[in-house]
Amino acid sequence: GAVVSQHPSWVICKSGTSVKIECRSLDFQATTMFWYRQFPKQSLMLMATSNEGSKATYEQGVEKDKFLINHASLTLSTLTVTSAHPEDSSFYICSARVFGAPSYNEQFFGPGTRLTVL
Amino acid sequence: DAKTTQPPSMDCAEGRAANLPCNHSTISGNEYVYWYRQIHSQGPQYIIHGLKNNETNEMASLIITEDRKSSTLILPHATLRDTAVYYCIVRVLHQTGANNLFFGTGTRLTVIP
Numbered sequence: 002g003a004v005v006s007q008h009p010s011w012v013i014c015k016s017g018t019s020v021k022i023e024c025r026s027l028d029f030q031a032t033t034m035f036w037y038r039q040f041p042k043q044s045l046m047l048m049a050t051s052n053e054g055s056k057a058t059y060e061q062g063v064e065k066d067k068f069l070i071n072h073a074s075l076t077l078s079t080l081t082v083t084s085a086h087p088e089d090s091s092f093y094i095c096s097a098r099v100f101g102a103p104s105y106n107e108q109f110f111g112p113g114t115r116l117t118v119l
Numbered sequence: 044d045a046k047t048t049q050p051p052s053m054d055c056a057e058g059r060a061a062n063l064p065c066n067h068s069t070i071s072g073n074e075y076v077y078w079y080r081q082i083h084s085q086g087p088q089y090i091i092h093g094l095k096n097n098e099t100n101e102m103a104s105l106i107i108t109e110d111r112k113s114s115t116l117i118l119p120h121a122t123l124r125d126t127a128v129y130y131c132i133v134r135v136l137h138q139t140g141a142n143n144l145f146f147g148t149g150t151r152l153t154v155i156p
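Protein sequence lines correspond, in order, to chains A and B.
Residue 2 is where the first sequence starts when you use our numbering, and the numbers rise one by one after that.
Residue 44 is where the second sequence starts when you use our numbering, and the numbers rise one by one after that.
There's no promise every hint is true.
Stated by the list, open to error - Some chain A residues near chain B, calculated using beta-carbon distances under 7 Å:
hint, residue
1, 8
2, 12
3, 14
4, 17
5, 45
6, 107
7, 111
8, 112
Hints were generated in silico from the structure; no laboratory data involved.
Here the structure is a predicted model, which is why all the values come from computation and not from measurement.
All residues carry an ideal CB built from backbone N, CA and C; glycine is no exception.
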C-alpha cells in the first residue's frame, strides 16, 4: 500500500517555542491530507483537513492561529504548533487521501509524531 | 456520519478467531463500514471495508448483517501482533472533497498466548 511518513517521530521542546511536523506521501500524490491529535488512552480527533494549494479547514475548537497547516505540494503537508504549551503534548498523526484512488478512497496514515512540551 | 458502538475491550486466545462486533443502527444506505486498527504508538492501519456484501481480504473478513445495522470483523487466526485497538467507522463515500474519518473509542483487542 501507499506509504506516509512523518518527521520527526518524536520531539521534546520548551514551552513557548514552535514545532514543525512534516507529513509526506512517499510513493503517491495526495490531494488531501488530514491532521489528527490523540491524547493518551483516547481516540483520534480530527484537527484539520488540508488541501493542496488552499487553506486548511479546521474542526471546531481547533485554533487555526496556533496550529498552522501548510500543504504546498501534492506530497508534503506541515503542521506547526506555535507557542507550544504542556497541554499541547500529544500524539499527532497525519493521513493522506490517494489522488485518483479507487472507489473506496482509502486513507493512509503516517506513523505519528509524539510531542512533549516541557 | 452514523455513530458506532463497540465493546471497549476483548480478549482472544492466540490461534483462535477473533470476532469484533460493531453496532451502527443509524447507518444510511450510502454509508460504508470501515475497519481500522491502531497498534500502540503507531498510526492507524486500514483493514477492510464493505457496503452490503460480506468481504474478505488477506487480513480479515467483514460480515455485515442484512439490515446493515451491525457488522463483525473476523480475524481468523489471531496472533500476538494483532493486539491493537480496532475502530469501526461508517461514512459516506464522496468522490470529491474530504473523506475524513471520525474515530470512536474502538475495541482494545488483547491476544493472549
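Hint by hint, here is what the structure shows:
A cut of 7 Å between beta carbons decides the hint on residue 8 of chain A: the least distance to chain B is about 13 Å, and the hint is violated. The criterion of a C-beta within 7 Å of any C-beta in chain B is not met by residue 12 of chain A, whose closest approach is roughly 14 Å, and the hint is violated. This hint is violated: residue 14 of chain A has a C-beta 19 Å from the nearest C-beta of chain B, more than the 7 Å allowed. For residue 17 of chain A, the interface hint is violated, the least distance from its beta-carbon to any beta-carbon of chain B being 26 Å, above 7 Å.
About 4 Å separates the beta-carbon of residue 45 of chain A from the nearest beta-carbon of chain B, less than 7 Å, and the hint is met. Given the 7 Å rule on beta carbons, the hint for residue 107 of chain A holds: about 6 Å separates it from the nearest Cβ of chain B. At its closest, the beta carbon of residue 111 of chain A sits 5 Å from a beta carbon of chain B; the interface hint therefore holds under the 7 Å criterion. Taken as an interface hint, residue 112 of chain A checks out: its beta carbon lies about 5 Å from the nearest beta carbon of chain B, inside 7 Å.
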